[in-house]
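Asker: What follows is each chain in one-letter form.
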Amino acid sequence: MNSAMISGDSMPADSAISVVLPSVLQPLAGGQSILTAPAEAAVTVEWLLDAVTGDYPALSRRLRDETGAVRRYVNIYVNGNEIRRLQGLVTAVVPGQEVLIIQSVAGG
Amino acid sequence: MGRMATAESYVLAIGTKKGLWLATSPDRTDWSLSGPHFLMSEVPSIGIDTRDGRTRILVGVRSEHWGPTVFHSDDLGESWSEPENGAITFPDGTDAALERIWQIHPDADSRPGVVWAGCEPISVWKSTDGGEHFELNRGLWDHPHRSEWGAGYGGAAAHSIVVDPTGEKVHVAMSTGGVYRSLDGGTSWEPRNKGISAYFMPDPNPEFGQCVHKIAADAAVDGRLYAQNHHGVYRSDDDAESWESIAEGLPADFGFVMLTHPRRAGTAWVIPLKADGERIPPDGKLAVHRTDDAGATWKRLDAGLPEAEYNAVLRDAASVDGAEPAGVYFGTRGGSVYASADEGEHFTEVASHLPDVLCVRAAVVSAALLPAQP
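Residue numbers (the working numbering), protein chains in the order written: chain A, 28 to 135; chain B, 12 to 385.
Don't read these hints as lab results, they were simulated from the structure.
Remember, predicted model here, so these are calculated numbers, not experimental data.
Just so you know, not all the hints are guaranteed correct.
Said to hold, decoys possible - The calculated SDA-like cross-link candidates involving lysine to any residue, where the alpha carbons are at most 20 Å apart (straight line), are:
#	chain 1	residue 1	chain 2	residue 2
1	B	Lys180	B	Phe219
2	B	Lys205	B	Pro215
3	B	Lys137	A	Glu93
4	B	Lys28	A	Val132
5	B	Lys296	B	Glu356
6	B	Lys29	A	Ser131
7	B	Lys29	A	Arg99
8	B	Lys310	B	Pro293
9	B	Lys205	B	His242
10	B	Lys29	A	Glu93
11	B	Lys29	A	Ala133
12	B	Lys310	B	Ala276
13	B	Lys180	B	Val232
14	B	Lys28	A	Tyr100
15	B	Lys285	B	Ser208
16	B	Lys29	A	Leu52
17	B	Lys28	A	Ala119
18	B	Lys180	B	Asp249
19	B	Lys28	A	Val51
20	B	Lys310	B	Ala258
21	B	Lys29	A	Val51
Just need the whole structure built from these sequences, with the hints factored in.
Answerer: Right, dumping it as structure tokens:
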């Protein structure tokens with residue numbers, strides 16, 4: 028799916044959804060910090076990720092594995108809530124909202 | 012001496028739990044270390060492919076956050092490339108996801124471009140384009156034993172791939188599952204573990220299920236293989252139809268490493284560890300042991316190694332190069348790396364205080380490829 032628009036394109040805020048990337052992933056999105064997908068109505072997080080990573084398959088693989096599952100230490104926030112506490116990948120996102128991708132504080 | 016020191020140099024790639032380091036040397040004694048590459052990602056597998064007129068370093072990289080992937084460099088680490096869609100990805104219908112790349116094995120000189128990979132979950136992959144895209148070996152993936160294979164402490168993986176010169180005989184070792192053999196280039200597979208003990212199972216002599224840690228082929232004797240098991244060091248002279256113990260003369264029969272000479276018959280190296288309770292070099296004294304008679308006798312080699320060392324050496328944290336005499340390399344979980352230019356008779360320290368060493372691979376390369384020495 029290649030419908031994602033890059034940050035800075037003229038698009039009314041209420042007809043798009045933005046995904047904010049952590050700095051470590053921005054090189055895989057052509058240096059962008061925000062990817063935006065057009066949306067006229069509520070979409071799922073899964074649809075949104077497909078939309079914004081369609082042109083960036085290496086970015087997509089960092090977020091989800093081959094089965095489509097979100098990687099264990101990747102956190103995706105909608106309205107300040109991590110989607111695992113909501114409805115996972117079928118969590119709804121409405122136009123105008125911002126989705127945050129943040130790596131978990133894990134490791135040693 | 013078959014090689015000109017003025018025209019050739021040496022590269023040692025060191026994969027650790029927190030990145031990759033590269034060392035280069037004109038003589039295998041003085042080393043220049045560079046890195047880290049892929050800082051904060053583990054590098055459990057490396058392949059250095061010197062075929063086809065180029066030196067390609069392939070690395071299996073795994074980030075705890077962002078998952079596993081394969082990078083390659085054709086300029087000794089100056090730049091790295093990653094196929095956009097990934098070199099190794101499980102196809103639709105398998106309902107599986109790649110966890111870790113345990114092995115990257117460039118095939119014989121006669122088959123340039125062919126690279127094998129062993130992965131977690133237990134799977135074998137083959138590339139025909141120099142490691143940029145791999146295809147899942149369906150014969151092993153669909154094997155009826157799959158549901159009975161288990162996981163060792165480090166995960167369930169195919170970690171050793173040995174291909175004979177014809178390309179028809181392929182041996183794979185997995186933990187835990189044992190040794191599997193294909194006589195048709197990887198189309199079909201049968202377990203071949205007769206004689207290898209699995210003392211931790213109700214039947215200590217099962218058809219499969221052994222916890223093999225590493226296998227390697229004798230370079231000069233067709234059909235001869237060596238295996239370091241979770242307790243037990245073995246040799247087969249009949250393509251793994253049967254195995255016999257060659258552990259007598261070693262201070263311990265546990266360990267992870269099994270190396271064979273690049274050309275000479277009967278020469279192999281192991282690095283024994285005391286187990287199961289301790290998992291350290293016996294008495295805290297690190298040593299490599301070499302046989303030159305296919306396991307009939309072993310020689311302890313510790314010149315240049317520290318007096319006390321309590322860290323283990325993992326299965327792929329050891330390697331040989333193709334030079335004459337062969338170089339022997341290994342790294343510890345304590346982050347020390349050692350090199351020998353004389354088949355293990357003397358070691359020098361290449362690096363210390365690195366993160367846990369997971370994999371080392373060494374190769375002879377053209378000196379012209381290396382950065383100019385000051």
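Asker: Against each hint, give a clear statement of whether it holds in the structure.
Answerer: Tested hints:
1. For the given pair, Lys180 (chain B) sits about 19 Å from Phe219 (chain B) by alpha-carbon distance, which is consistent with the 20 Å threshold.
2. Using a Cα cut-off of 20 Å, the hinted pair Lys205 (chain B) and Pro215 (chain B) holds, with the two alpha carbons roughly 11 Å apart.
3. A C-alpha spacing of about 18 Å is found between Lys137 (chain B) and Glu93 (chain A), which places the hinted pair at or below 20 Å, so the restraint holds.
4. This hinted pair checks out: Lys28 (chain B) and Val132 (chain A) have alpha carbons roughly 17 Å apart, not beyond 20 Å.
5. For the hint pairing Lys296 (chain B) with Glu356 (chain B), the CA-to-CA distance comes to about 16 Å; that is within 20 Å, so the pair holds.
6. With a C-alpha separation of about 17 Å, the suggested pair Lys29 (chain B) and Ser131 (chain A) falls inside the 20 Å cut-off, and the hint holds.
7. Between Lys29 (chain B) and Arg99 (chain A), the direct Cα distance comes to roughly 19 Å. Compliance with the 20 Å bound is thereby established for this hinted pair.
8. The suggested pairing of Lys310 (chain B) with Pro293 (chain B) holds, with an alpha-carbon distance near 15 Å, which does not exceed 20 Å.
9. Proposed proximity of Lys205 (chain B) and His242 (chain B) is supported: the alpha carbons are some 15 Å apart, at most 20 Å.
10. Using a Cα cut-off of 20 Å, the hinted pair Lys29 (chain B) and Glu93 (chain A) is violated, with the two alpha carbons roughly 24 Å apart.
11. Distance hint between Lys29 (chain B) and Ala133 (chain A) is fulfilled; the C-alpha atoms sit about 14 Å from each other, no more than 20 Å.
12. With a C-alpha separation of about 16 Å, the suggested pair Lys310 (chain B) and Ala276 (chain B) falls inside the 20 Å cut-off, and the hint holds.
13. At most 20 Å may separate the alpha-carbon atoms for a hinted pair to count; Lys180 (chain B) and Val232 (chain B) meet this at roughly 14 Å.
14. For the given pair, Lys28 (chain B) sits about 17 Å from Tyr100 (chain A) by alpha-carbon distance, which is consistent with the 20 Å threshold.
15. Only pairs whose Cα atoms come within 20 Å are accepted, and Lys285 (chain B) paired with Ser208 (chain B) is accepted, the gap being roughly 17 Å.
16. Our distance criterion of 20 Å between C-alpha atoms is met by Lys29 (chain B) and Leu52 (chain A), whose separation comes to about 18 Å.
17. For a cut-off of 20 Å, the pair hint linking Lys28 (chain B) to Ala119 (chain A) is broken: about 38 Å separates their Cα positions.
18. Between Lys180 (chain B) and Asp249 (chain B) the alpha-carbon distance is near 12 Å, which keeps this suggested pair within the 20 Å criterion.
19. Annotation: proposed proximity of Lys28 (chain B) to Val51 (chain A) holds, straight-line Cα distance about 19 Å (limit 20 Å).
20. Distance check on the hinted pair: Lys310 (chain B) and Ala258 (chain B) sit about 12 Å apart at the alpha-carbon level, within 20 Å; holds.
21. Between Lys29 (chain B) and Val51 (chain A) the CA atoms are separated by roughly 16 Å; this keeps the pair inside 20 Å, and the hint holds.
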